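Novice: Chain order of the listed sequences is H and Y.
Quick note: the first sequence uses my numbering, first residue 1, plus one each step.
Quick note: the second sequence uses my numbering, first residue 291, plus one each step.
No lab work stands behind these hints, which were simulated from the structure alone.
Honestly, I wouldn't trust all of these hints.
Label-pair ranges, simulated between beta-carbon atoms [as the list claims (entries may be wrong)]: (1) Y:A425 with H:T115: 47 to 55 Å; (2) H:D8 with Y:T395: 41 to 49 Å; (3) H:P240 with Y:V652: 39 to 47 Å; (4) H:S265 with Y:D376: 43 to 51 Å.
These figures come from a predicted structure and were not determined experimentally.
Glycine included, every Cβ here is placed at the ideal spot set by N, Cα and C.
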Amino acid sequence: MSVLVDDDTRVVVQGITGGEGKFHAEQMMEYGTNVVAGAVPGKGGQEVSGVPVYDTVHEAVDEENADTSVIFVPPAFAGDAVFESLDSDLDLAVAITEGIPTQDMARVNKRLSETDTRLIGPNCPGLITPGEAKLGILPGNIFAEGNVGLVSRSGTLTYQVVDSLTNRGIGQTTAIGIGGDPIIGTDFVDALELFEDDPDTDAIVMCGEIGGEDEEEAAAFIDDYVDTPVAGFIAGRTAPPGKRMGHAGAIVSGSGTGTAESKISALNDAGVPVGDTPEEVADQIEEFLA
Amino acid sequence: MKLHEYQAKNVFADAGIPTPDSQLASDVDGVVSAAEEIGYPVAVKAQVQVGGRGKAGGIKLVEDADEARDAASQILGMDLKGYHVDRVLVEEAVDFVNELYVGITMDRGEGKPVAMVSTKGGVNIEEVAEEDPEAIAREHIDPSFGMHPYQARKAVYDAGVDQSIARDVSSVLTTLYQLWDDKDGADAEINPLMVTSNNEVIAADAVMNIDEDALFRQPELAEMEEEAAGGDELEQKADEYGFDYVRLDGNVGIIGNGAGLVMTTLDLVDHYGGKPANFLDVGGGAKAARIANALDMVFSDDNVDSVVFNIFGGITRGDEVARGINEALEQFDEIPKPVVVRLAGTNWEEGMEILNEDLVTVEQTLEDAVQRAVEYAGEVNDQ
């Protein structure tokens, strides 16, 4: 089972004629994802790898009943592409693009609150329900079907933790990369809520990192509402204050908020064990499921 | 991208925010003639992008030509927290009775811009935020509408700004928001906004950070980006290569893909008793040449005694990474520092076939790779 995506999901790929869009649309289809359309302004009427391309997302919805978009549009135009998907009444939009200006995302965020569409990302690897569908750039072969939900701010860290789980024979219901940007759609709390409500998810992994206060908010939410056991990981314990570590969000202010310590202690207080290494997180999940 | 004070002041002044008379100078005579033109007293301010310039001796108030000459010769050429001072701003010294703070930034928690006003200006505003958060009035802005004038007034009145200057401060705040919005600001701040005995407000300092991701549509600001004089040479080199790189004080060099995974690799080095020398994220989809550049970067750090390469491919391909590692290492008669490689994910098997194992140590897991790199670094230190 899964949250958000399954083999009925009908995907439109925005930016399917670009290098990344084409490559990953093919990868998604190879994995079994139901890619029904592409949307690229000016490229309507073409076909990419057997998929019909439309000029607008609206057309893809009208003609192919697309209900989900995956966005591989360059940063300068990606904010507009997300707006278009929100305006097309899709259930889900997944923005892979890295480097969207923050002010564009603030406007998207405002619009998002007025629609029923759920946004994942931007600057994220996407999400996958093993054996059913993947939306985004995650390497499908490391995932396995199972009963662990995973939510992470970092793409490659997701892969690392999933690899540890899969190697022990522990599969996943759905893995969601929410992205490391300062303004994102679905956050930890949203994802935790989805997993908590999913009868097939028996344990949850939450991978956070330094910067911001999302993990602290997630800890408070877990304390109040989540009965499914959660194991955590926080990247950036050794990061020096004041330095930006890659992700826009991953900066430790000097004042004690947003540090690995404050996140780990908030999670511990909510009953969430936090592993020192990805392997320790897998150990913990193994214990939960035993 | 952070603008220099003089650049930010020009941007603010062009938008109509009152700023003191000032001129940029790069030699002692230039400072004196600028000061004569502006009229004493003037402040001589080092133009380097580090905080706490005043305390570090980078700002001096002078009353006459002799003092100006002294101050200029002390400040020009000085090393300020690792940055070489090659220019100063000579600025009219404002006779003030009060100092305020006004600023605009993105509140990431709310996903909205926020305007801030405080009567506790002229001091470290982060400390005020920490110790007396009530002293900063905050007003969230709907980014699709912009700041309404009433919101600027509300913030100003909430902060307890005196009635006699409330109108002018509101107007500065509105202009500052407009600038922040138009120029893709990350932060725009005036601290202090000085209030004179005539109830005039003047921006005595100016901070403007631009969202790097938006520079493509801010060509005028992008042109203002200058190479910082001084600072960390390796960090400058990383800028040229376009890497996310942070230099640290350990001896285990770290290269990986993806910020979260690289931070995790740093943490594991620490966990196994080593000390990370750097954070280096090659980013997504790195090709062979980029991988070779990354190795070149880490090898140029004299503190590095061993290197761990941790790649978990998604969009990045193991075969490209392996080619880059070979390319970088095959040019040496002797490998300068031991390199441990861990490849996983997309095309890792192809990568392992390509990788020249005479040049590197291969480990299958992240834990093993990190432990091996920590061992190598320790062995160097034991010699």
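Novice: Taking the hints in turn, state whether each one holds.
Specialist: Going down the list of hints, with the structure as the test:
| no. | hint | result |
| --- | --- | --- |
| 1 | Y:A425 with H:T115: 47 to 55 Å | violated, 38 Å |
| 2 | H:D8 with Y:T395: 41 to 49 Å | holds, 43 Å |
| 3 | H:P240 with Y:V652: 39 to 47 Å | violated, 31 Å |
| 4 | H:S265 with Y:D376: 43 to 51 Å | holds, 45 Å |
Consistency with the previously given hints fails for numbers 1, 3, ordered from lowest to highest.
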